[in-house]
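Asks: For reference, the chains in residue letters:
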Amino acid sequence: MNLIMQFLEYSLIGIASGGAYIIAALGFVIIFKAGNIFNFAMGEMMMIGAYLFYAVAVQLKFSWPVALLAALAGSALLALAIERALLRPMIGRPVVVLVMITLGVGSILRGVAGLVWGPNIIQLPDFLPRSPVFLGDILVPGKLAWSFVVFGALAIAFIAYYRYSRAGVAIRATSSDQITAEGLGINIRQVFSMTWAMAGVLAAAAGIAAGAINGITPQLGDAALSVLAVVMLAGMSSVGGVVVAGILVGWMETVVGAYLGAAWQSFIPYLVVLLMMIVRPTGLFGEQRIERI
Amino acid sequence: MWVAFAAALAAFPAFGSAYLVYMACLVAINVIATAGLNLTVGYAGLLSIGHSAFIGVGAYASTLLWLHAGTPLAVNIAAGALAAFLVGLVFGIPSLRIKGVNLAIATLAAQYSLYFIFQQWTSVTGGDRGLSVPRVNIFGLGDTGFYYLVVLLAALLCLAARNLFRTRIGRGFIAVRERDYAAEVLGVNVVRYKLLAFGLGAAYAGVAGALGGAFLRIVNPDQFTLAVSIFFLAAVVVGGRASILGSILGAAFMTLVPEMLRAVLALSGGGATVDLAGLLSPLREIIFGVLIVGFLMWEPRGLAGLWDRMQGRQEAIDSRPGAA
Amino acid sequence: MPELLNIEGISLAFGGVAALEDVSASVREGAITAVIGPNGAGKTSLFNVISGFYRPEKGAVRFGGEDILSLPAHGRSRLGIARTFQNIALFAGMTVLENIKLGAHDQLRANVFSAGLYLGWARREESALSGRIDRDVIDFLDLGDIRDRPIAGLPYGLQKRVEIARALVMRPRLLLLDEPVAGMNAAEKTAMAGYVRRCVAEWGTTVLLIDHDMGMVMELSDHVVVLNFGRMIAAGAPDSVRRHPGVIEAYLGAE
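Residue numbers (my numbering), protein chains in the order written: chain C, 53 to 345; chain Y, 56 to 379; chain W, 12 to 266.
The set of hints was computed from the structure by calculation and includes no laboratory data.
Heads up, some of the hints might be wrong.
Said to hold, decoys possible - Partial chain W-side listing against chain Y, Cβ under 8 angstroms, derived: (1) S37; (2) L90; (3) G91; (4) R94; (5) F96; (6) Q97; (7) F102; (8) G104; (9) L119; (10) A121; (11) A126; (12) Y129.
We put the beta carbon where it would ideally sit given N, CA and C, even for glycine.
Here chain C stands alone, though its shape is the one from the complex:
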């Protein structure tokens, strides 16, 4: 296979793996938009979602649609619990505090997962068609291709919901101006809870995919750092931009990994973040907020 075809193959694989990133990044962004909270525990929420799926599908031996539902629901409940119990009381505290709380939560989740399921990698049984997808001479692994399709659909559904449903409008109003939103009758607390629950669902979906492709360990949350790069690239406030950024980051990682090796691959998300910070802190699509004195 000549070089161009190889590059194309890597590119397609990269784009496909961006699917999970997009989903997790959407979860990040809506929490941030509504409550201005940066959820450093997102990766761990993904991880717990994956473990829940494993627990229900393999350990409890239910069918995988049931397991999927259980994982999504469980993750949403967990997210709600975190929001209610830990973050709601801390509104108004300085940023350090909020960041540290989510970091602390992440730590707790990792510890719990390690205790319950142990530190070893767990492979999920295949529930996505394995057979590779051929585009001409190019081979894309089946799991990836299918997960991309699933996530693409999920992302589109989510974005449509966000743009057109009443809930979505409520979220956007809250993100833009909390006080006015409340004045208009929007129940802000409900919006907060809703965004966290949604983020929980999205995190679980992304986590299950990541787990299906790479196996599940308590460190699965480390992948969230790539998601961070996606979010930073898009700009913290842009839902639509996340899709573009997700695909870009997925593509970059795979291509760099293929040509420069694994170490560079794990470095790429950080490089992206650094560059964005220096050049354009609001990301490609984010909005500029002017601070009034």
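With the hints as your guide, set chains Y and W onto chain C.
Replies: Chains Y and W only, in chain C's frame:
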């Protein structure tokens, strides 16, 4: 009261076992690093999640100088501090344009970049294997000598940090944290102070790194990961932000808790079929997380706040410097 | 008396919305000048231009004849320009005295090393400053009781006084007061007006102030400038401005 404490510290090696002296050295080193981070995060309000990278810079710089130039320990430590200071200045540059969480993320990215360099620049840093450090002998007293050195340095550096807040430098940090626009109008060069906050915090970390390298006799990238940065951030928060006493208490607490945990597990597990090693790590993470969240929610001024309350100081002010 | 501050044709816009349009004014040395106008007229924006937070698109600001727009915000206090803020900009986590000391920040010389060491040079500098503050400012503004108390928890009126104390530490040539009596009762307002008059009388400070309390403004000021929708619509002695038809309309029309 402080005199008694100082006397106890001085006499400690005579009473404590080698293990306890070892732990004390570790605590002292961590105190230095925590105090530095507190300068940046607690006093100046700049969120830095990349502190372990500075420690690494100090460790590598001092060790490399030693290995290649054979310079005495004092010079190596100073070199470590200087190198870390310069890197800290560079890390601080994003803080001029971005605040809060975005800054945290930038520091995170910068830290990983340094980790990447530590790991990949094999010719200089020895890559994953790292560098091994020859034994150092202070005043010919071996381990005890090292203990005195470390404790002395920690005490001096903590004193210096506290003194900063009796002067315009410290006030400048706090002003930048609270309302940087007002600080500007008062003549505080916010750019310079933000960079200084990063640089100074990093310099402290550099000293800790240099000492740590000499102490553990090995320097490798796994000592400078995100988990380590979070450890120090937790030490700052649990001990008490913007408090030197808090830095001391927090560092001691965070260093000793895993040890106490291990002791508890050994006592209770005692020969059972439970895999202790496997339990230790996740339990540590849970306890760290619970400590962080717990302190933030219920004792926002940290251990230093508890101490103040025990002493009868009831005021509910946030982050008050000069309390210790 | 000469003009200390000259504002010449300042225009400032935020993303297409004009905050200030071709505003010109002069502030005479040793006099009290007030800037008034309905909410959103651009008064604080004008102060922010003088302070250096906003860069105007057009115009110049001359202080003692020199254009200061090219100076960064933190370089303007050295010229002798001090300022207070609408929402009290004091620093929590420090005492009253420490906050006031910040007013003299760029007159101090301690660096990281001398500060860390403290004994000797830095210490002398600090005690000298404390002494000066006690003599000049603490007594002047009756802050003796709360000198060493933390800022948090102090009543509003006292905090406002501390903020002014901070501004006065360096004996500024120009004092910008943004709503110095907002939220105060009558007694506090009278006291504040008294302090301002004393500054001018004893130290020759030039004062430029923003406020909504017409009674106080008219009584205190030598000269009044009126802004509306970012434009200057009147300037002159309090009595003539009070009767200016454009001014009356601006205030009534703003209902």
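Asks: Confirm or reject each hint.
Replies: Here's how the hints hold up against the structure:
The beta carbon of S37 of chain W is not positioned within 8 angstroms of any beta carbon in chain Y (closest approach about 22 angstroms), and the interface hint is therefore violated. At its closest, the beta carbon of L90 of chain W sits 10 angstroms from a beta carbon of chain Y; the interface hint therefore is violated under the 8 angstroms criterion. A cut of 8 angstroms between beta carbons decides the hint on G91 of chain W: the least distance to chain Y is about 11 angstroms, and the hint is violated. Residue-level restraint check for R94 of chain W holds (minimum Cβ-Cβ distance to chain Y is 5 angstroms; threshold 8 angstroms).
Taking 8 angstroms as the C-beta contact cut-off toward chain Y, the hint placing F96 of chain W at the interface holds, the least distance being around 6 angstroms. With 8 angstroms as the threshold, the beta carbon of Q97 of chain W stays out of range of chain Y, its nearest partner Cβ sitting at about 11 angstroms, so the hint is violated. With a cut of 8 angstroms, the hint placing F102 of chain W at the interface with chain Y holds, because the nearest CB-to-CB distance is about 4 angstroms. Taking 8 angstroms as the C-beta contact cut-off toward chain Y, the hint placing G104 of chain W at the interface holds, the least distance being around 5 angstroms.
Interface restraint check for L119 of chain W: the shortest CB-CB distance to chain Y comes to about 4 angstroms, inside 8 angstroms, so the restraint holds. Checking A121 of chain W against chain Y: minimum C-beta separation of about 5 angstroms stays under 8 angstroms; hint holds. A cut of 8 angstroms between beta carbons decides the hint on A126 of chain W: the least distance to chain Y is about 4 angstroms, and the hint holds. Of the supplied interface hints, the one on Y129 of chain W holds, with its beta-carbon coming within about 4 angstroms of a beta-carbon of chain Y, less than 8 angstroms.
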